[in-house]
Amino acid sequence: MRRVAVIGGGNSKFGVRSDATFPEIAFEAVKEALEDAGITQKDVELSAVGTVGSRLYEMYPAPLINEYTGFTSKGPIRVEAACATGSAAVFTAYNAIASGYVDTAIAIGVEKMSEVDTATSTAVGGRGCYLWEFHMFGTSFACYYALFATAHMAKYGTTEEQLAKIAVKNHYYGARNPKAHFQKEITTEAALTSKVICWPLKIYDCCPISDGAAVVILASEEKVKEFKVQDPVWLEAIGFGSDTGNLARREDYTSLRSARMASEMAYKMAKVAPSDIEVAMVHDCFTIAELMAYEDLGFCRRGEGGRLIDEGQTWIGGKIPVNIDGGLKAKGHPLAATGCSMIYELTKQLRNEAGNRQVPLKRYLALAHNVGMTGQYCYATILRR
Amino acid sequence: MSKTSEYPSMKSRTLTLTHNIPISKTKIYWEGLKEGKVYATKCKKCGKVYYPPQVDCPNCITSDVEWIQLFEGNLETFTQAYLKPQGFSHYEHNYIVAIAKTAEDVKVMGWLEDVDVKAAKVGMVVKIAAKMMPDGFPAIIFKPK
Numbered sequence: 001m002r003r004v005a006v007i008g009g010g011n012s013k014f015g016v017r018s019d020a021t022f023p024e025i026a027f028e029a030v031k032e033a034l035e036d037a038g039i040t041q042k043d044v045e046l047s048a049v050g051t052v053g054s055r056l057y058e059m060y061p062a063p064l065i066n067e068y069t070g071f072t073s074k075g076p077i078r079v080e081a082a083c084a085t086g087s088a089a090v091f092t093a094y095n096a097i098a099s100g101y102v103d104t105a106i107a108i109g110v111e112k113m114s115e116v117d118t119a120t121s122t123a124v125g126g127r128g129c130y131l132w133e134f135h136m137f138g139t140s141f142a143c144y145y146a147l148f149a150t151a152h153m154a155k156y157g158t159t160e161e162q163l164a165k166i167a168v169k170n171h172y173y174g175a176r177n178p179k180a181h182f183q184k185e186i187t188t189e190a191a192l193t194s195k196v197i198c199w200p201l202k203i204y205d206c207c208p209i210s211d212g213a214a215v216v217i218l219a220s221e222e223k224v225k226e227f228k229v230q231d232p233v234w235l236e237a238i239g240f241g242s243d244t245g246n247l248a249r250r251e252d253y254t255s256l257r258s259a260r261m262a263s264e265m266a267y268k269m270a271k272v273a274p275s276d277i278e279v280a281m282v283h284d285c286f287t288i289a290e291l292m293a294y295e296d297l298g299f300c301r302r303g304e305g306g307r308l309i310d311e312g313q314t315w316i317g318g319k320i321p322v323n324i325d326g327g328l329k330a331k332g333h334p335l336a337a338t339g340c341s342m343i344y345e346l347t348k349q350l351r352n353e354a355g356n357r358q359v360p361l362k363r364y365l366a367l368a369h370n371v372g373m374t375g376q377y378c379y380a381t382i383l384r385r
Numbered sequence: 386m387s388k389t390s391e392y393p394s395m396k397s398r399t400l401t402l403t404h405n406i407p408i409s410k411t412k413i414y415w416e417g418l419k420e421g422k423v424y425a426t427k428c429k430k431c432g433k434v435y436y437p438p439q440v441d442c443p444n445c446i447t448s449d450v451e452w453i454q455l456f457e458g459n460l461e462t463f464t465q466a467y468l469k470p471q472g473f474s475h476y477e478h479n480y481i482v483a484i485a486k487t488a489e490d491v492k493v494m495g496w497l498e499d500v501d502v503k504a505a506k507v508g509m510v511v512k513i514a515a516k517m518m519p520d521g522f523p524a525i526i527f528k529p530k
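Chains as they are written, first to last, in this note's numbering: chain A, 1 to 385; chain B, 386 to 530.
One thing to keep in mind: the hints can contain errors.
[What the hints assert, rightly or not] Result set (DSBU-like, lysine-lysine): computed pairs, CA atoms no more than 35 Å apart in a straight line: (1) K422/B to K155/A; (2) K74/A to K396/B; (3) K530/B to K195/A; (4) K155/A to K396/B; (5) K228/A to K271/A; (6) K396/B to K195/A; (7) K410/B to K155/A; (8) K433/B to K410/B; (9) K396/B to K13/A; (10) K410/B to K516/B; (11) K429/B to K410/B; (12) K396/B to K184/A; (13) K433/B to K155/A; (14) K195/A to K512/B; (15) K195/A to K503/B; (16) K195/A to K506/B; (17) K155/A to K528/B.
Hints in this document: simulated from the structure, not taken from any laboratory.
Chain A extracted, bound-state conformation:
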C-alpha cells in the first residue's frame, strides 16, 4: 500500500440551487479543487464520480459530469453508496493510488435534489427497503432515524432537548460558513417547538434537502513531491462497515454497528485512539445520528452522548469539536457531495485555513464519519498533516 495525500479540495455553495444544473454545480467544486492543488485536468489520471442521482432527470449522469468538468477519458467510475457515496468515491480514488494503479485521482461528489417536490424526494429517499418496509408503511428517512431516537431515549434517557442542542450547535457554525445551506443561528426553544416531522424528531432535528458538489484530489507521495505540494494532508486510514438492508433485522436501535466497525478499523489502521482525534465531521443527517456517532466513534461511552452535548464538549474549545462547518444539519446534505465535503473541510482545518471556525490543533489528526442510509454503509476516514 502506498501513501495517499489530499492535494486539493473544492466545495460549491450548498443550498437550493435552482440557478444551476448538476454539471454546472460540479464545475464550481472542480474549479476550486484544481486551483487549490495548482494542477490541471491533464495531471489527473482517474475520475471517480459519486452521485446517488435518483432525483435527477438523468439516469447515467457520470459521463456528463466528467465531460462538463473536463475529465472525459479519465474514467469515470460511477460510485453509489447512498448518503456515503462521497466517501465511497474517495475510497475508490484512494485505492487506485494506494495500489499503484494510478498516481493521481479525483473524487467528485455531486447531487441535485431540489428539482423534484418534497413528497417525491421523500418517496425516493424512503425506498431504502421498498418491498418489506416502504411499500406497506410509507417509511421516510426521518422515520428510520426517529425509530433510533425513540429507542435511544427509552434505553438511556436521552432527551429531545439534548437533540435540540446538537441542532443549535450546528446552526451556530453554519452561520459562520459562507457555503452552508442555512446560515442562521437558532435557539433550543425554537428547535423544540418546531414542526414535528416524525415524532420525536422535529424539523430542526432534520437536515435539509440540498443541492451541491464537493471534490477532493488525491495523489501518491511521488506526485506530492513532483507537484511541490506545500501542505499535503495524508489519508491515514479509511475504514468501512455495513449492516442489514432491512431495518427490522438490526440487533438494536441505539447504535450503528457499521459505524463502530468502520471506526475501529480506521483507528487500528492509523494506530490512533478516539482521544487522539482533534476535530471530527460526523454524519448528522438527523440530530440523533450525531449523538449516536459520539458513542459509536468512541468519543464517549454508549448512552453518554446526551451528556457530551450538555457539557458542550463538541463545540470548539471542548474535548472533541464536531461538525464545526455546520454539519449536514445546517451546511446541508447533497447526498453524494457530503463525504467529499467532510474531507474538504477537514483538509482546511488541518492546514489551519478554516478562519473563524478553526480548531486549535496539536496532533493534527481528524476524522470523517460518513453514513449511508441508516447505517447500511459507513466509512470512517482519518486524516493527518
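We have chain A; now place chain B onto it with these hints.
Same frame as chain A, now just chain B:
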C-alpha cells in the same frame, strides 16, 4: 419544482414508474396478509427463522422452508410520521411505524394502532395482524395486547 423560484426553469417530460413485482415465491405471505395473518419462513435444514420471509436460506444454501405464523411481539421502537411520502399522502392519519420482536427471535415492522404515540412504550406487548387498506395495499397492524 413545486416552489416558484427567481431563476428560470423548464419542465422535463414526465416519467411514470410502476413495477410489476414477482411474488410467486412469497405468495403465501401476501395472501396471508389478505386473511389478516403475518407469516415468516423457517429453514427446514438449519431451523433459522426469516422475517421478512425468504425462501432461500443463505446459511445452508438451500431453498426448503416452512411457513410459520407470527402472533405477538414486544415493541422495540416506534415513531409517528407526520411527513408522508408520495404514495401515502391520501392517508389522513399520521401513522405510527413500529418494530416488534417476536418469540421466534425475528423483528417485524408494522403500524401501531389503538394507542396514542405518547402512551406507547418500548417493551409493550402487541398483537400482530394484518389488514387491507381501502386503496388495496396491505398493512401489518400492531395493537396493544
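Each hint, compared with the structure:
1. K422/B to K155/A: holds (31 Å)
2. K74/A to K396/B: Distance ~32 Å between K74/A and K396/B Cα, so the pair holds.
3. K530/B to K195/A: Distance ~32 Å between K530/B and K195/A Cα, so the pair holds.
4. K155/A to K396/B: Answer violated: K155/A to K396/B is near 48 Å, above 35 Å.
5. K228/A to K271/A: holds (28 Å)
6. K396/B to K195/A: holds (31 Å)
7. K410/B to K155/A: Answer violated: K410/B to K155/A is near 38 Å, above 35 Å.
8. K433/B to K410/B: Within the cut-off at roughly 18 Å; holds.
9. K396/B to K13/A: holds (24 Å)
10. K410/B to K516/B: With Cα atoms ~21 Å apart, K410/B and K516/B stay inside 35 Å; holds.
11. K429/B to K410/B: holds (16 Å)
12. K396/B to K184/A: holds (32 Å)
13. K433/B to K155/A: holds (28 Å)
14. K195/A to K512/B: Measuring from Cα to Cα gives roughly 31 Å; hence the hint holds.
15. K195/A to K503/B: Holds: K195/A and K503/B sit about 16 Å apart, inside 35 Å.
16. K195/A to K506/B: holds (22 Å)
17. K155/A to K528/B: holds (22 Å)
The structure fails to meet hints 4 and 7 from the earlier list, while all remaining hints are met.
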